[in-house]
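Chains R and U supply the protein sequences, listed in that same order. Under my numbering, the final residue of the first sequence carries the number 112; numbering is consecutive throughout. Under my numbering, the final residue of the second sequence carries the number 112; numbering is consecutive throughout.
The set of hints was computed from the structure by calculation and includes no laboratory data. Hints may be right or wrong, so weigh each one.
[Claimed, not checked] Derived DSBU-like pairs (lysine-lysine); straight-line CA-CA distance at most 35 Å: (1) Lys58(R) <-> Lys68(R); (2) Lys57(U) <-> Lys68(R); (3) Lys49(R) <-> Lys14(U); (4) Lys11(U) <-> Lys57(U); (5) Lys71(U) <-> Lys14(U); (6) Lys69(R) <-> Lys58(R); (7) Lys69(R) <-> Lys49(R); (8) Lys57(U) <-> Lys69(R); (9) Lys71(U) <-> Lys11(U); (10) Lys58(R) <-> Lys57(U); (11) Lys68(R) <-> Lys14(U); (12) Lys49(R) <-> Lys57(U); (13) Lys68(R) <-> Lys49(R).
[Claimed, not checked] Using C-beta positions, here's what the derived DEER-type ranges look like: (14) Ala53(U) <-> Thr51(R): 33 to 39 Å; (15) Pro112(R) <-> Asp63(U): 35 to 41 Å; (16) Asn51(U) <-> Val29(R): 20 to 26 Å.
Even glycine gets a Cβ: it sits at the ideal position worked out from N, Cα and C.
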Amino acid sequence: AQSVTQLGSHVSVSEGALVLLRCNYSSSVPPYLFWYVQYPNQGLQLLLKYTTGATLVKGINGFEAEFKKSETSFHLTKPSAHMSDAAEYFCAVDSSASKIIFGSGTRLSIRP
Amino acid sequence: DTGVSQNPRHKITKRGQNVTFRCDPISEHNRLYWYRQTLGQGPEFLTYFQNEAQLEKSRLLSDRFSAERPKGSFSTLEIQRTEQGDSAMYLCASSSRGDGYTFGSGTRLTVV
Chain R
1 AQSVTQLGSH VSVSEGALVL LRCNYSSSVP PYLFWYVQYP NQGLQLLLKY TTGATLVKGI
61 NGFEAEFKKS ETSFHLTKPS AHMSDAAEYF CAVDSSASKI IFGSGTRLSI RP
Chain U
1 DTGVSQNPRH KITKRGQNVT FRCDPISEHN RLYWYRQTLG QGPEFLTYFQ NEAQLEKSRL
61 LSDRFSAERP KGSFSTLEIQ RTEQGDSAMY LCASSSRGDG YTFGSGTRLT VV
């Protein structure tokens, strides 16, 4: 069975500071991994994805994530937070060739 | 093709009434998914289609829920005899394998 755990339901950082959102997954086969962002009252937008190949994946809006198989992790980072980054972020895994399973989300707040 | 379209955006209904939501996916995507999202939670998988075939249904999808995708194009999700616990955001997404999902903006259902 596949599952996703996001550590920290709420993360708050100062504008310009490093953003780190943590995600660990469970999968019996090599997974596809995703990060999505959701703004209030909107659907989810794909930030980045890992399928195969390079383990450091770059996405939109300056975000990147690194797949670490030994740690079963796929943490999301951004070197310098911007006010517009405030949103809900979801990590997701697809290892069944059928559906994506989402974590419970991390709400990112940015302090001026 | 501008993305995944969901209608209506909002629906308020009285308990016991039936409601139907529509999703128009990206035309070249053969997979279509329905998810449900409640406040503060990640999306929960309901069901998915590959072309017109419904390949998997979650245990969350009670007998009051039914989904169709005639001719492998648009899809409808019907909820019969709505209950207050059905209040949620219903999200539709479409994909080709491994590309990640493209989500619609969702239909917010409120049962009063």
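Structure-based check of each hint:
1. Proximity of lysine 58(R) to lysine 68(R) is assessed by CA-CA distance (about 15 Å); at most 35 Å being required, the pair is judged to hold.
2. Between lysine 57(U) and lysine 68(R), the direct Cα distance comes to roughly 31 Å. Compliance with the 35 Å bound is thereby established for this hinted pair.
3. The hinted pair formed by lysine 49(R) and lysine 14(U) fails the criterion: a straight-line CA distance of about 40 Å is larger than 35 Å.
4. A distance of roughly 23 Å separates the Cα atoms of lysine 11(U) and lysine 57(U); the hinted pair therefore holds under the 35 Å criterion.
5. For the given pair, lysine 71(U) sits about 32 Å from lysine 14(U) by alpha-carbon distance, which is consistent with the 35 Å threshold.
6. This hinted pair checks out: lysine 69(R) and lysine 58(R) have alpha carbons roughly 17 Å apart, not beyond 35 Å.
7. Taking the CA atoms of lysine 69(R) and lysine 49(R), the gap is about 15 Å. The hint holds against a cut of 35 Å.
8. Annotation: proposed proximity of lysine 57(U) to lysine 69(R) holds, straight-line Cα distance about 30 Å (limit 35 Å).
9. About 26 Å separates the Cα atoms of lysine 71(U) and lysine 11(U), which keeps this hinted pair within 35 Å; it holds.
10. Proximity of lysine 58(R) to lysine 57(U) is assessed by CA-CA distance (about 33 Å); at most 35 Å being required, the pair is judged to hold.
11. In summary, the hint linking lysine 68(R) to lysine 14(U) is not supported, as the alpha carbons are separated by about 48 Å, beyond the 35 Å threshold.
12. Restraint check for lysine 49(R) and lysine 57(U): the C-alpha separation of about 25 Å stays at or below 35 Å, so the hint holds.
13. Between lysine 68(R) and lysine 49(R) the CA atoms are separated by roughly 14 Å; this keeps the pair inside 35 Å, and the hint holds.
14. Judged by the Cβ atoms, the range 33 to 39 Å given for alanine 53(U) and threonine 51(R) is violated: they are separated by roughly 24 Å.
15. For the hinted restraint 35 to 41 Å between proline 112(R) and aspartate 63(U), the CB-CB distance of approximately 51 Å leaves it violated.
16. Range check, asparagine 51(U) to valine 29(R): about 24 Å between beta-carbon atoms, so the 20 to 26 Å window is met.
The earlier numbered hints that this structure contradicts are 3, 11, 14 and 15.
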